[in-house]
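These are the residues of each chain, in order.
Number of protein chains: 2
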Amino acid sequence: MVGIKDVAEAAGVSTASVSRVLTNQPNVTPELREKVMAAVKQLNYRPNLVARSLRSQQSNTIGLIVSDIRNPFFTAISRAVEDTAYQQGFRVILCNTDEDAEKETLYLNLMRDENVAGIIFSPTRQTLANFSALDLNFPTVVVDRSIKNINVDSVLLDNVAAAYRLTNHLIENGYQRIGAIFGEASTTGAERRHGFLEALKDHNLTSLPGLLKTAPPKIENGYESALEMLKSGTPPEAIFTSNSMLGAGVLMAIREMKFNMPDDLALVTFDDTAWASLVQPAITVIAQPTDEIGKTATQLLLQRIAEPGRPTRKVILDGELIVRGSSAARSLALHIPVLKV
Amino acid sequence: MVGIKDVAEAAGVSTASVSRVLTNQPNVTPELREKVMAAVKQLNYRPNLVARSLRSQQSNTIGLIVSDIRNPFFTAISRAVEDTAYQQGFRVILCNTDEDAEKETLYLNLMRDENVAGIIFSPTRQTLANFSALDLNFPTVVVDRSIKNINVDSVLLDNVAAAYRLTNHLIENGYQRIGAIFGEASTTGAERRHGFLEALKDHNLTSLPGLLKTAPPKIENGYESALEMLKSGTPPEAIFTSNSMLGAGVLMAIREMKFNMPDDLALVTFDDTAWASLVQPAITVIAQPTDEIGKTATQLLLQRIAEPGRPTRKVILDGELIVRGSSAARSLALHIPVLKV
DNA sequence: AGGATTATTGTAAACGTATACAATGAGTCT
DNA sequence: AGACTCATTGTATACGTTTACAATAATCCT
Numbered sequence: 000m001v002g003i004k005d006v007a008e009a010a011g012v013s014t015a016s017v018s019r020v021l022t023n024q025p026n027v028t029p030e031l032r033e034k035v036m037a038a039v040k041q042l043n044y045r046p047n048l049v050a051r052s053l054r055s056q057q058s059n060t061i062g063l064i065v066s067d068i069r070n071p072f073f074t075a076i077s078r079a080v081e082d083t084a085y086q087q088g089f090r091v092i093l094c095n096t097d098e099d100a101e102k103e104t105l106y107l108n109l110m111r112d113e114n115v116a117g118i119i120f121s122p123t124r125q126t127l128a129n130f131s132a133l134d135l136n137f138p139t140v141v142v143d144r145s146i147k148n149i150n151v152d153s154v155l156l157d158n159v160a161a162a163y164r165l166t167n168h169l170i171e172n173g174y175q176r177i178g179a180i181f182g183e184a185s186t187t188g189a190e191r192r193h194g195f196l197e198a199l200k201d202h203n204l205t206s207l208p209g210l211l212k213t214a215p216p217k218i219e220n221g222y223e224s225a226l227e228m229l230k231s232g233t234p235p236e237a238i239f240t241s242n243s244m245l246g247a248g249v250l251m252a253i254r255e256m257k258f259n260m261p262d263d264l265a266l267v268t269f270d271d272t273a274w275a276s277l278v279q280p281a282i283t284v285i286a287q288p289t290d291e292i293g294k295t296a297t298q299l300l301l302q303r304i305a306e307p308g309r310p311t312r313k314v315i316l317d318g319e320l321i322v323r324g325s326s327a328a329r330s331l332a333l334h335i336p337v338l339k340v
Numbered sequence: 000m001v002g003i004k005d006v007a008e009a010a011g012v013s014t015a016s017v018s019r020v021l022t023n024q025p026n027v028t029p030e031l032r033e034k035v036m037a038a039v040k041q042l043n044y045r046p047n048l049v050a051r052s053l054r055s056q057q058s059n060t061i062g063l064i065v066s067d068i069r070n071p072f073f074t075a076i077s078r079a080v081e082d083t084a085y086q087q088g089f090r091v092i093l094c095n096t097d098e099d100a101e102k103e104t105l106y107l108n109l110m111r112d113e114n115v116a117g118i119i120f121s122p123t124r125q126t127l128a129n130f131s132a133l134d135l136n137f138p139t140v141v142v143d144r145s146i147k148n149i150n151v152d153s154v155l156l157d158n159v160a161a162a163y164r165l166t167n168h169l170i171e172n173g174y175q176r177i178g179a180i181f182g183e184a185s186t187t188g189a190e191r192r193h194g195f196l197e198a199l200k201d202h203n204l205t206s207l208p209g210l211l212k213t214a215p216p217k218i219e220n221g222y223e224s225a226l227e228m229l230k231s232g233t234p235p236e237a238i239f240t241s242n243s244m245l246g247a248g249v250l251m252a253i254r255e256m257k258f259n260m261p262d263d264l265a266l267v268t269f270d271d272t273a274w275a276s277l278v279q280p281a282i283t284v285i286a287q288p289t290d291e292i293g294k295t296a297t298q299l300l301l302q303r304i305a306e307p308g309r310p311t312r313k314v315i316l317d318g319e320l321i322v323r324g325s326s327a328a329r330s331l332a333l334h335i336p337v338l339k340v
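Residue numbers (numbering that gives the first Met the number 0), protein chains in the order written: chain A, 0 to 340; chain B, 0 to 340.
Since the hints were made in silico from the structure, they are not lab data.
Just so you know, not all the hints are guaranteed correct.
[Said to hold, decoys possible] 30 Å max Cα-Cα, derived DSS-like pairs, lysine-lysine:
1) A:K4 with B:K4
2) A:K34 with B:K102
3) B:K34 with A:K102
4) B:K4 with B:K34
5) A:K294 with A:K102
6) B:K102 with A:K40
7) B:K40 with A:K102
8) B:K102 with A:K294
[Unchecked claim] One-sided and incomplete, this derived list gives chain A residues near chain B with beta-carbon spacing under 8 Å:
9) L48
10) E81
11) N95
12) M251
13) A273
14) V278
[Unchecked claim] Label-pair ranges, simulated between beta-carbon atoms:
15) B:E171 with A:P288: 43 to 53 Å
16) A:T311 with B:A327: 53 to 63 Å
17) B:E306 with A:Q41: 32 to 42 Å
18) A:Q302 with B:E306: 37 to 47 Å
19) A:L320 with B:G2: 50 to 60 Å
20) A:G232 with B:E255: 53 to 63 Å
21) B:I321 with A:D317: 37 to 47 Å
22) B:P29 with A:Q56: 27 to 37 Å
23) B:K40 with A:N129: 31 to 41 Å
Note that the Cβ used here is the ideal one computed from N, Cα and C, for glycine as well.
With the hints as extra help, turn the sequences into a complete structure.
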């Protein structure tokens, strides 16, 4: 193993000088830099990041704590976070929590032990509730989940507005008996639910018993919930889901029950996943600007790392409504049954 | 910051003793352990992993280097790797290479600098070619890509056999003009191509000009390649793709050209993604045992970390052919055109 | 019983780097 | 010219652990 001492010796300078040129400090003469770099290249020296981190008491790895990497939303986020982080010389440690509060504290502790520079985190409601209690002693930015009355950087979607728009779109296209399934682990689900209900109210519609569900954001839950709705005597005309996992489950149920989209049942969901546009008819969605979210979160974090005292900020992004066939305007035949036959 | 010294003081013992109980060494009396643990709990002490890693010259983080986390195959792999790794007390650093050989060496160096315990890696062909040259000085296990004549643990699919089976299935169902698109970055694509061609040969079929393509595993490439095939005067009866990214692109092209599956065109692909079963007709695929692959790779790595001298082993898993509607037996009408009308 | 062996704990050095402080030398000013 | 400043480099300590080695106490054997 070649260390800084070897480089110093080879270059005929002190270890301090080597360290200084390698950390790009000012006040080093070009000659010094040259000598050192030559020795570095010759010996193929690479600084030991662990030692560097121990001594300088700071590291350039950041933690990314998400609930499920298989959820395409988080996949996209991680990708964006990693890209921007690596680009700035930071590494990323990825953790899956499965929306499990215990795992969350586990990983949070881990991050502390690893002495990470900061974390990007999408906490469960549970963890969010006593967020101030666990006082993270490192820079933190919250993504996707909203956090109130606490000073922490965050970047999230305008969930209420997006859900409102999506629901509104359904209603304007002639759907009235609208079922909905919301994720229950996060604040996100609750906010989208709020937007959904607002839209109903503004059109003098009410949510119907048995057609308003809440479940952990997993495919099977979407499937089960939708089956219940579809098998009931009075199935909905449309289903709204607050994320793609639930949406995929609903689609499975639709397939199983051999319902036709959108004539028998319309479907709209959050997150523009691969399958949403491949399926026929394609699914109407709210597309979240995942790249933007991940990138912004990382930038926010890096800025806070550089300047811990800066005022916190909340970045709120807008979702984009992408209208596709799954929510096409209800056909006349169905609207005015008298015309049938 | 509370350190080991504080704990030692509080417990009335030496720092060495504290360290010994915390690293679960034998030869400590129960009383000692008790005293130390009490102090640890009281002070809420947590060992600094960076310092530990520096001193002990080993860490418990492993690197996972994949080409694209958005590819569902790698998403599934990472999830499995992380789960098993964390379960054994190891952390995971995730890196995306975009199948870019430069990025690969970049991250490989990074892993070295970070002093990771080992890595799990799916190298490009390019990197694989001079694999021995970059002599990784840490335990490595290669996944998904095959590597010859070099002693390194690896776990991969029996690609030739799987591709053969998939092709064979098409042929048996009456498809003869079969187009194919293979990933070009990895050895995987080449192997699957081999299996594909073998199957053709065994049925006295030949690959047709313009119907055998190679491209980086991205959706747009699948799309472009398929469009070319479909727009040609003599489009294929079926298309075979060697991974889900290409497959998704092909499906987009099919949709755009308004071809019907499987009557106008059958489609089969590798990897059982979410959309493969949601689409109608659902897609026939070779499902890779991703959980198994990730888990096995991690275990292999941890074993090698524990015992560096052990003989290397190559684990070869079988893919599962899942037959769905996209490759249904060609209808009689098309088979025997004379019957038509 | 006394020496040899073993089990347990303590002392202090080491891991590889960054950095506070000291030291040196080159300008600058009066 | 001498005192003073400032830029540059060197010396040596600190980061928070683990661990080789020393030391002590306890046990065993003849």
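Subject >> Restraint check for K34 of chain A with K102 of chain B, where alpha carbons must lie at most 30 Å apart >> reply: 28 Å, holds
Original post:
Do K40 of chain B and N129 of chain A keep their Cβ atoms within the hinted range of 31 to 41 Å?
Top reply: Hint violated: Cβ distance 20 Å, outside 31 to 41 Å.
**OP:** With 37 to 47 Å as the target window, see if Q302 of chain A and E306 of chain B comply at their CB atoms.
**Re:** 45 Å, holds
**OP:** Given the hint of 27 to 37 Å, check if P29 of chain B and Q56 of chain A actually sit that far apart at their C-beta atoms.
**Re:** 36 Å, holds
Original post:
Can the hint on E81 of chain A be confirmed by a CB-to-CB distance to chain B that is less than 8 Å?
Top reply: Since chain B brings a Cβ to about 6 Å from E81 of chain A, closer than 8 Å, the hint holds.
Original post:
Is the interface hint for A273 of chain A satisfied, with its Cβ closer than 8 Å to some Cβ of chain B?
Top reply: Holds, about 5 Å.
**OP:** Hint says 32 to 42 Å; check whether the CB-CB distance for E306 of chain B and Q41 of chain A agrees.
**Re:** 35 Å, holds
Original post:
Given the proposed pairing of K294 of chain A with K102 of chain A, does the C-alpha separation stay at or below 30 Å?
Top reply: 25 Å, holds
Original post:
Holds or violated: M251 of chain A as interface residue toward chain B, Cβ cutoff 8 Å?
Top reply: 7 Å, holds
Subject >> Hint validity - N95 of chain A Cβ closer than 8 Å to any chain B Cβ >> reply: 6 Å, holds
Original post:
Is the Cα-Cα distance between K102 of chain B and K294 of chain A 30 Å or less?
Top reply: 20 Å, holds
Original post:
Does K40 of chain B pair with K102 of chain A here, judged by a C-alpha cut-off of 30 Å?
Top reply: 20 Å, holds
Against the hints set out earlier in the document, violations occur for numbers 20 and 23.
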